[in-house]
Every structure is written in C-alpha cells, then in structure tokens.
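Residue numbers (full-length UniProt numbering), protein chains in the order written: chain A, 1 to 458; chain B, 1 to 458.
Treat the hints with caution; some may be incorrect.
[Said to hold, decoys possible] In silico DSBU-like pairs for lysine-lysine, Cα to Cα no more than 30 angstroms straight-line:
1) K159/A with K35/B
2) K159/A with K215/B
3) K215/A with K215/B
[To be verified] To list a few chain A residues with every Cβ distance to chain B over 12 angstroms, as calculated:
4) Q25
5) A29
6) P30
7) L304
8) E358
9) I359
10) G451
[Stated by the list, open to error] Derived Cβ-Cβ restraints for the label pairs, each shown as a range:
11) V105/B with R299/A: 13 to 23 angstroms
12) L101/A with A409/B: 17 to 27 angstroms
13) T221/A with R362/B: 42 to 52 angstroms
14) R267/B with R299/A: 54 to 64 angstroms
15) A96/B with A127/A: 49 to 59 angstroms
16) D19/B with G305/A: 51 to 61 angstroms
17) R299/A with D401/B: 54 to 64 angstroms
18) I100/B with R299/A: 44 to 54 angstroms
19) A223/A with G222/B: 10 to 20 angstroms
No lab work stands behind these hints: they were computed from the structure. Ideal Cβ positions, reconstructed from N, Cα and C, are used throughout, including at glycine.
For reference, the chains in residue letters:
Protein chains: 2
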Amino acid sequence: MDTPEHAAALGALRTALGDALSVDQIDLAPLTADKSGHDSHSLPLALVTARSIADVQATMRIATEFQLPVVPRGAGTGLAGGAVASAGQLVLSTLAMNRILEVSVADELAVVEPGIINADLNAELAALGLWFVPDPASKAISTVGGNIATNAGGLLCAKYGVTREAVLGLKLVLADGRMLHLGHRSVKGVTGLDLTALVIGSEGTLGVIVEATVKLRPLRTGAVATIAAYFPDVTTAASASAAITAAAIRPAAMELLDSRSLHSIDRFLGVNLAGRGETLLLVQTDGAASEAEAASALRIITGLGGDADITHDAAAGEELFAIRRAFHPALEAEGSVLIEDIAVPRSALPAMFAAIVEIEERYGIPIPTVAHAGDGNLHPNFVYTPGPAGEVPEIIWRAADDMFRVALALGGTLSGEHGIGILKRRWLADELGADQVALQDQIRAVFDPLGILNPGKG
Amino acid sequence: MDTPEHAAALGALRTALGDALSVDQIDLAPLTADKSGHDSHSLPLALVTARSIADVQATMRIATEFQLPVVPRGAGTGLAGGAVASAGQLVLSTLAMNRILEVSVADELAVVEPGIINADLNAELAALGLWFVPDPASKAISTVGGNIATNAGGLLCAKYGVTREAVLGLKLVLADGRMLHLGHRSVKGVTGLDLTALVIGSEGTLGVIVEATVKLRPLRTGAVATIAAYFPDVTTAASASAAITAAAIRPAAMELLDSRSLHSIDRFLGVNLAGRGETLLLVQTDGAASEAEAASALRIITGLGGDADITHDAAAGEELFAIRRAFHPALEAEGSVLIEDIAVPRSALPAMFAAIVEIEERYGIPIPTVAHAGDGNLHPNFVYTPGPAGEVPEIIWRAADDMFRVALALGGTLSGEHGIGILKRRWLADELGADQVALQDQIRAVFDPLGILNPGKG
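The shape of chain A in the complex, shown without the other chains (with noise of 0.2 angstroms):
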C-alpha cells in the first residue's frame, strides 16, 4: 500500500514524533474497529500516539504537508465507527494524553487532556465532593475526549443533561496544525459563535480536541429510590414512564426494556423475570425530593397496574440497575449486535415500540429494545450472524432504514447519543436534507479545506 508518498510523509511524522510514531502492524490492528461491530480489515498507515499537544500540532502540520486522512481516536469504543480506520489512513490518538491538569473546587471546573477515561476522571474528583455528569454507558472505558467528540449521553440526561452541557472550553488543533483557544472559564459567555458547542458532537471532522475545561457538580448525595416495575406490555410500560414525566417527577434515570431484551437477560442470568411481566421499567430517583418522587412514582406505576419493588437501599438500588447491565452481555453471548440509537418525542414511545414490532414482523428478525424512557432515547438490537467480510446483512440495514424513517417521521432523530460516524451517513440527508448537509459539509471546509480529518465520518 506504500507510496512514495506514504514514505515520504512517515519519515517526516518520524523525525518529528520519534517514537510516537508506529507502523507495527501489533499496534495497527485494533484501529480497524471500534464497539460497533464495523471492521475496516484494512490496516491504516500509521499510529501516532501523542504525548503533548505540541505532538498532535506536528502530525497535523505534517498531515496538512503530505495531504494524509487523519483519524482521531480516544478508547475506540465508539458505537458507529467514527474512529474506524482504514488503508492510507493516519490514527491520531489522544489515549496517552491522559492527565488532570487542573481541579478548582471552587469554580467547580477541571481542565484536563482528552485521553483522561471518564470514570477516573470521576473517581478522583469524587474525593473533592464533585462529579463530571457526563455518563456514558461506557465510562469505565471510553475518554473525556471521545465523550466530547460524540456529545456522549447515556442514563442521566433527562435530569442532568448532556456532554455540550459539561464543556465550558476546548483547546483545538485545526488540520492545519494550529490552535484555537475556544470557549471560557467562566459559566456564562456569548463572545462570538459558540465553537465550543459546535465542535462537541462533530466527530472529529472539525479539528483534534487536546484539552478540555469541564464544568462540574457537587457529587449527588443522600437518599436514591430505585424502582422495579413490571408490566404486561410495553405500552403500558411507556405511558407510566410518560405520566411520571408529566407529573413533573425527574427521575435520575428511568429505563425500559422490552419483552425480547428482559427474556434474553432471563436465558443469560437462568432467572425468570419475564414470568413478573413482559416489560421492566426501572425508575431511580435523588436528591432532595427522592423520597417523595419514588412514591408518586410508585403511585403512577401501581395504578397503571404495575408490579412493582422499591428499595430506598443504594446497594440494591444497583442490583436492579445490574438488570439493565446485563442486557448488552446477554445479547452478546447469542451473536454479533448492532446497537441502535434512535430517539423520538417522549410521547412517541408507545408509537415507536409498535413500529419495532411492526418491522421485527415484516422482516421476521427480533429487535430488543431498551430505551433511556425519560428522554425518547432507544436502542433496539439486532442479533445477527455476520456476512463473509463480518459485515452486517443487507436484511438488517433494510430494517434499520425502517426503523430510521419512523423515527424521523414522529419528529426524531437518526442517533440520539451514538453519533453518525460511518454507519449512518447514507441516511443523513434523510434527516438534515440536502440543502443542510452540503452547509454542514461547507462549514467543515472552513475548519479542514483539505478534508483530511475524519473523512467520511460524522
């Protein structure tokens, strides 16, 4: 695969990096894949690892010389392959750049390198009373960077919010290798456009994140409420989760699993929840009002004939969130998944989950799914037997497209928290229409003229 080229620019990358630069097909190899379950099977160029962003600032400068792609990555567990490589390709990861470079309890911020994971990140600032919300399913692997980068969710948005809600600045080395201060220390701003958003989300298309300056909250503490509640249906099951949010209760997290993802976790765990109800609804609750709002929770539920357990016990409050836990392991240990990331109005869930049945009929594939109820995130799964390059059958793409449509239709989106990366790009003019999609794709020119950064991505 090398040209002259290729050699030309490795031999520049390697004076500048040293030993920063590897071309070991060892360290390779992994850089074809992320979680998502996409593989490249083509090995990109080279690694950089960067120490300093003085280290990313000279790959870009070289990069912009040579006209190389260059693919920023953190832990590589994004969920649609927007850290994916492939032949060519440059892999700029950050992972290395790993330090807290600064904590001020007292203006509740941390300015830190993006290679920091999420849950050490949070385990030190625990010792001073505070937290980074940002919570990601994948904390306790995935970086502040790659949750920045993908304006990571997970289980607490509908109360404390996403990433672009934690980030009060950005340090970014453009394609070109400069640098841009974005953003402030202070809470507030309006000075100019907002970058700082802008840039949260973006993939890695727009530049190379290599330090961030992250607002912070006091640790939640006190009493947690966590609630079990089994229900005959899954439309029973969302039009609880509706009427708690309508009762203005907020809870901390509020998950819903369907029939086919509580009977998978029962064949992996050998217990028999599905025999309690063919939907769980798992509503947690914090903070000052978590006593009241379990039990008008705990009224709502009942009262929609729910079956349902309430622990004011943190420890088994965790045990009932183990359930929720289990169902990406259990899916798992029956195939290779494709996780899903749809979102829709919170009041569209019941039409959601029928249009899932719908398409698991019309295609005759099962689609579990669990759902973040509080905010109209789901994820349905598919189980499927991977194609002879370990690709994902055609048939499932022809049911995700489905599933995409509906959810455009009932005013939502194509990803909620998982991002575009390259598994979804054919549909997002469905979503953006064209007329946006080529301003997008212009107001990434503006950052990377060449389009050496993430390209295809995002």
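With the hints as your guide, set chain B onto chain A.
Just chain B, lined up with the frame of chain A:
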C-alpha cells in the same frame, strides 16, 4: 440616500410584500437604536414587518438579489447594538410573528414564532403547569427570537441554564431565502453538526430565526426562601456567595449589589439600605430542598459577618428582589447608562470587583456594579453625559477597555449574556484571537456569502 438600486429593491419588496413594507419615517425612526443607548442617527432604507415565513423568505430573496444589508429585529431590547440599523439597510422585523403554534404537555415543548414576548409565552404556559426557563431582565418586553439570537441569560442561569439549554430546534431562513430545519423534537440528538447551538447567540448573522421548538420545564412549585444579607464590603459578600456555591447549595438566584449600587438605590427610593452594610447579597432558594438550602446559606452568611433577613413568604421575597430591580431605574435617573456585561469564573469575583474599584480611581468615574454572583456574571455600569451625537464618551470606553482586559486575564469573557453587537466588536480579537475571528467570519460566509445579514455585528 436613495440610489436607483435602492428604488428597484424597494419596488420589488413592495410587489412581494405589499403593506408589510414601510418607508414611513415614523416607522423607521425607532430602528436606529436599541436599549444599549447606542443610536446610529441614520435612518434605514425601509422596514419589513413579516407576517409569515413566506414574507421572511421573500424579503431575503430580494435582499440577496439586490445585495441589500438586512438587520433582523425583534423587540429592539438588546444591550449591545445588535439590532441597530443605519442608512441603506433593510430592517426585517419578526415582532408580528408572535403566535404559539403548539404546546405539548407530554413532550414538555412548545413551537413558537420568534416574535412572541417571553412573558406572554410564560403566561400561556403557566396555565398548563409549564415554564420556558430563559429569564432575562427584559422578559416582559423581549422576544423569544431575540432571547435565542443572543443566547440570553438572566438571574436563574446558575441553577436553570441559559437559553441554549432551552432550545430543541429552529427553522432558519438563510440569506438567500432558503429555509433550514435545525434540530428535532426529541430531547437528545447528535445527527450532524449542532447547528441549532451554533445559531443560538449568533446575533442575526447566520440567518433569520422564523420558528423555534423550545424545551419546557414543569413550573416551579412549593416553598421559596429569600435572604437579604448586608456585608461591610464587596469582598466579603463575594466570599459568601462563593462559599454558598462551594457548599453545594444551588440558589435559584443569587445577586450581589455593590456599595455604589446600593447608594444609587437609596437615593432613588429614599431609603437607607447602605446604612445596614455597604454591599447586599440576595439569595433565593426554591424546590424541594429550598428550606434546607436557605438555612445552610444563612449559616454561611452570618458566619462571615453578614447582617441578614430571611423570609419564607413569596411576596416578601419579591419585595427584597424589588431592590435589585430598582437598580437600573435608579441609575437612569442619574444620567445616560452603559450597562456592561463581563463574566469571570466565580472564584475571581473578588478580584474583578477589586479591579473595578482600581479602574474607578484611575479614571475618576464611578462604576456601580451588580453581579449574578452564582455564575460570575457582572454588570458594571457607567453613568455618563452623552457627547454631541449622543455617543458614549471615549473615557468610558477606555475604562471599559481596562475592565475587559482584566476579565479576560481572569479566564472570563467580554460578554456574559448581552452579546457583542456593535459595541464590543473592537475587543473581539482580544478574546478569540485573530485566527478564530477569521474562522468565525468564514463560517458566517458559508451561511451568508454576500455578507448581507446584520453586517458589522456579533
């Protein structure tokens, strides 16, 4: 002033828009100013009072055809000159597009036209138990479109967020008359670049907001506690506010009035607040933890030597906050007022107040200052005698210049919530850097290649 091109443009506008077009001096006269005190003293070419999206699109198509600069305008309550028009410009008012198109209680969202007044929307929503959070001091007279165009803040941001956090989607008419649908009706969504966030705070330079899907919250209910605490000096008062935040208390509002502010209010109201202490800190708590938070805040305040009253009566709390609201009328009784709007990290409030005192002494001018203390946003005010053309005297700008430099050095920003408009353009590069200013200009050019949308602003 009228050129043949202007006459042709006006002819085209008249044909397309009929009565929605006015060239009457009585209609044009107010358009040379906003609430900043700045006045162009230069009548614009014409005013279009759009009644529909189609009117806005027709206006922009004709403006593009004739390369006519367009100043989008709501209620004209801005504090940075962003909606100030001058000769040769067309003012496009969305004030008459003021309908609530939809309120979804289940989805906690409203779809509104841009011209609706913030308080009018909230009056309708209150009957449904819902609340549009953005709470600028101008809420009784400012439009939701203007709130979005400036990413308006207010007194409640530390706890409840800024306008950016309250917008789900926008319809935006581009310079050439095409319309984009940005965002969605779901709470979450990460499809493509976040252009909704980019447009919020863009001060009319990217397009004309013709519809907004806004996120609502349940109306606040239950007890409210209000504390008025007098301190001998601003540093101690700022320390108290910092200690309240550090104790994980989240007041709905926390306002700090310095000595000069209190004395102005005393003169205006004929009272003697400053007799109790030279600085006033107002703290209001709400929600389930209201009483506990107020008790904790009171302990902190008295521990630092504050002389405090507390009330649990909502009406009495309103009376205490009426002191704060008397501030601007009190200043306006003394002369022309320039309201400044810097923000710093909370911990830098004492340093910023100290710097303001130094600047007062350096220039021999009083700078009465109030702060949204919970989020570090200060409003230093200059009372001045206008120059012959009504302009702000240059000594005021020199003092402001010193102030901006200190705010930036402390990690803050030129504008916490009012925007850049005309008045702060000359400091933009001091905060953003020349590279970022150039990049922002290029992004604006993507939306508006001819540069006809609110040129010279933002």
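>> Verify this label for me: P30/A is non-interface relative to chain B, using a Cβ-Cβ cutoff of 12 angstroms.
In response: 25 angstroms, holds
>> Is the claim that L304/A lies outside the interface with chain B correct, judged by CB distances over 12 angstroms?
In response: About 15 angstroms separates L304/A from the closest Cβ of chain B, which puts it past 12 angstroms; holds.
> Within 51 to 61 angstroms or not, the Cβ separation of D19/B and G305/A?
Replying inline: 58 angstroms, holds
>> Tell me if the beta carbons of A223/A and G222/B are separated by a distance inside 10 to 20 angstroms.
In response: Since A223/A and G222/B have Cβ atoms about 18 angstroms apart, the given range 10 to 20 angstroms holds.
> Is the nearest CB of chain B more than 12 angstroms from the CB of E358/A?
Replying inline: About 20 angstroms separates E358/A from the closest Cβ of chain B, which puts it past 12 angstroms; holds.
> When you check the alpha-carbon spacing of K215/A and K215/B, does it fall within 30 angstroms?
Replying inline: With a Cα-Cα distance of about 22 angstroms, the restraint between K215/A and K215/B holds, given a limit of 30 angstroms.
> Would you say the C-beta atoms of I100/B and R299/A sit inside 44 to 54 angstroms of each other?
Replying inline: Hint violated: Cβ distance 32 angstroms, outside 44 to 54 angstroms.
> Regarding the assertion that Q25/A does not contact chain B, is the least Cβ-Cβ distance greater than 12 angstroms?
Replying inline: Per Cβ check, Q25/A is outside 12 angstroms of chain B; nearest 33 angstroms; holds.
> Measuring from beta carbon to beta carbon, are V105/B and R299/A in 13 to 23 angstroms?
Replying inline: 19 angstroms, holds
> For A29/A, is the shortest beta carbon distance to chain B beyond 12 angstroms?
Replying inline: Given a closest Cβ separation of 29 angstroms, the condition holds.
> Taking the minimum C-beta separation from G451/A to chain B, is that value above 12 angstroms?
Replying inline: The claim holds: G451/A sits with its nearest Cβ about 15 angstroms from chain B, beyond 12 angstroms.
> Does the claim that I359/A lies outside the interface with chain B hold up, using a Cβ gap greater than 12 angstroms?
Replying inline: It holds; I359/A is separated from chain B by about 19 angstroms at its closest Cβ, greater than 12 angstroms.
Going through the hint list in order, the structure does not satisfy hints 1 and 18.
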